[in-house]
Amino acid sequence: MSTEIEEPGLYDYGQRAARLPDPVDRANADLDIPVDVRLDMYELQQSLRQFEKRAYDLFMENLVKGTSHLSLGMEAVATGFGRAMRPDDYTFATYRGHAHTIARGAPLGPVMAELLGRENGILKGKGGSMHLTSVEHGMMGSYAIIGAHLCIANGAGWSAQMRGTEQVAVAFFGDGTTNIGAFHEALNFAVIWDLPVVFVCENNLYMEYTPIDLVSAVPNPAADRAAAYGLDRIVVDGNDADAVYQAATSVFDRARRGEGPSLVEAITYRHGGHSRADPGKYRPAEEVEAWMGRDPIPMYHQRLLDLGVSEAELGAIQQSVAGRVDEATEFAKQGLVPSADQLFVDVWADGGASWRN
Amino acid sequence: MAQLSYRDAVSAGIAQEMRRDPNLVMLGEDIAGAGGVFKTTVGLLDEFGPKRVRDTPISEQAILGAAMGAAMTGIPVIAEIMFSDFLAVCWDIVANEMAKSRYMTGGQVSVPVVIRTANGAGSRFGAQHSQSVENWCMMIPGLKVVAPSNPADVVGLMAAAVRDPDPVVFFEHKSLFATKGEVPSGEIVDELGKATIVRAGSDCTIVALALMVPRALQAAERLAEEGISAEVIDVRSLVPLDTQAILGSVSKTGRLYTVEENPRLCGWGAEVASIVADEVFWDLDGPVVRITTPHIPLPSAEVLEDLALPSVDRIFETVRDTIG
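Protein chains in written order, with the working numbering: chain V, 2 to 358; chain H, -2 to 321.
If you're looking for bench data, these hints aren't it; they were derived computationally from the structure. Glycine residues also receive a C-beta, built at the ideal position from the N, C-alpha and C atoms. Keep in mind that a hint or two might mislead.
[What the hints assert, rightly or not] Simulated coverage check for chain H against chain V, where a stretch passes if three residues somewhere in it have a Cβ under 8 angstroms from a Cβ of chain V:
#1 58 to 72
#2 87 to 99
#3 104 to 115
#4 239 to 246
[What the hints assert, rightly or not] Far from chain V by the CB rule (all over 12 angstroms, computed), these chain H residues:
#5 Gln13
#6 Asn20
#7 Leu24
#8 Val39
#9 Thr53
#10 Gln125
#11 Asp161
#12 Gly190
#13 Arg311
#14 Arg317
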């Protein structure tokens, strides 16, 4: 009699089937999105891609310390939402916030300098990759502990509601966030107060190193829970900037009309690991390969060609972005390290750090 | 001048500030229709309306998140966390978000929020509704911390907290709600970071906070009968901390006693003792003595809870027996 116990394995990564992408919806080419908006979205996706590739190279050169979480492969989400926003709307992002910061118009140089911990960084070298913020661009912060910022975005929406400005607050978060209490508190609260808040789950299929479907009660961790809050179930192709833009426009209109919050689940995939320390080996090779073939940027490039934009025009955009990323890199490298007195600056509104007389 | 209860002083202080600033709003569980479970917000809904005084679900993270998000986009907020023990369920937003956002963003973000919360023992509520947790907040850079002991201070420090552009945690003591005191008429605006010498003395300095202040004063009366002249300082504000008032007093009396309701380890008195030891050690005539709740969860039975907290008797006896 065998004493071996056969366990099905709750977390049986090796046996887990690859989750392959759906094909591109060709009909998205026909969406009513002007070509100039599409060119703008192409340029932004190029910026995000080239900026983060450069950031990665700078990690490899050990010019960036600490950690960083790249959005390579996920650029269409930040792009579609970012371009559908009004300049005075509010963005709240996670530690994976480079793309969302740049999408709101924050200048590349100071963002890159922040990753390098320089005094000319957008946070003066005191926040780093996980806390990118640019209030003047409506980028209200990158929040590095899962969940809180959904509740904080509610507050910005509440403020806009009280001031009657029709601004919208958008909270971006990963699939893993859907399993923390703050997600559920935030959704319920936003619904009962009719807040102009859009919750965007960037479902890249992995909660850090763990497949999200192994740790969630439902297959679509955000969208399948929308009904619990009386919200529509919205799933969008997060690798198609046009589809994202269309969905964003629709939920923003609803929020501005005073009809309350929305929850959008954008399905996407990260090209790399969770963070700098993670090679992402837990993902099946065929899955990675299939998703690399669904890279949002070459797809969008081809769509623009199909729509009659010339290869030369797209090439010029790529070149122009490359020049700006080079300039940003140079700006960052030329930055000084923060001076020692910065240690005691900006704890309090008076600019200082004093806690006693 | 009017006699107000500590409880009514809370609503009076909030009302004073809401009349002054039409943007100021408040939210919390049961604060609007019910007037607060401790009746500290009675009348505010009627005067300021449902848009400015809002009931929330039992969602402490949602409450403080909403407060922070509104505050950082231009709307100052008073948020209530019903019992200070419940700060533990929204501590991420207090300790990691509100407290650190200004610093982390290079000064871009401002969070003018007052978190009001009912603190302390004496109601026989047991270990999860009776704690004194001001030291939780004191140890987080970026939070200001106040704990008034009387109605006039409640009004004045509420105004100071609301007008402060940084996050302030405002501890209201449950066992003081029914106490009464004179509150001056007209607008009252106090200052954070100022201790008050509530009784002058020459033989020792007793530093106390919130409920421990009246107890320290009663102990000082009895010490006087024994010929011991105790100076009593109401700290009022832990961050910023008025160290000069304490150091000046200790230099004069040569003896320091702290009276703390918090459990022993890392209570605010430990920091005060450390500062005094660092800076006026040679003025001391004897060791610093901390009178605290033991390092235990609080029990609910009356006799046990009373034994746990520093009592008038314990303060009196400790000072009498150690002053030498």
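Now the hints, each set against the structure:
{"no.": "1", "hint": "58 to 72", "verdict": "holds (count 14)"}
{"no.": "2", "hint": "87 to 99", "verdict": "holds (count 6)"}
{"no.": "3", "hint": "104 to 115", "verdict": "holds (count 4)"}
{"no.": "4", "hint": "239 to 246", "verdict": "holds (count 3)"}
{"no.": "5", "hint": "Gln13", "verdict": "21 angstroms, holds"}
{"no.": "6", "hint": "Asn20", "verdict": "8 angstroms, violated"}
{"no.": "7", "hint": "Leu24", "verdict": "9 angstroms, violated"}
{"no.": "8", "hint": "Val39", "verdict": "23 angstroms, holds"}
{"no.": "9", "hint": "Thr53", "verdict": "7 angstroms, violated"}
{"no.": "10", "hint": "Gln125", "verdict": "18 angstroms, holds"}
{"no.": "11", "hint": "Asp161", "verdict": "8 angstroms, violated"}
{"no.": "12", "hint": "Gly190", "verdict": "7 angstroms, violated"}
{"no.": "13", "hint": "Arg311", "verdict": "28 angstroms, holds"}
{"no.": "14", "hint": "Arg317", "verdict": "31 angstroms, holds"}
Going down the numbered hints, you'll see the structure goes against 6, 7, 9, 11 and 12, while the others check out.
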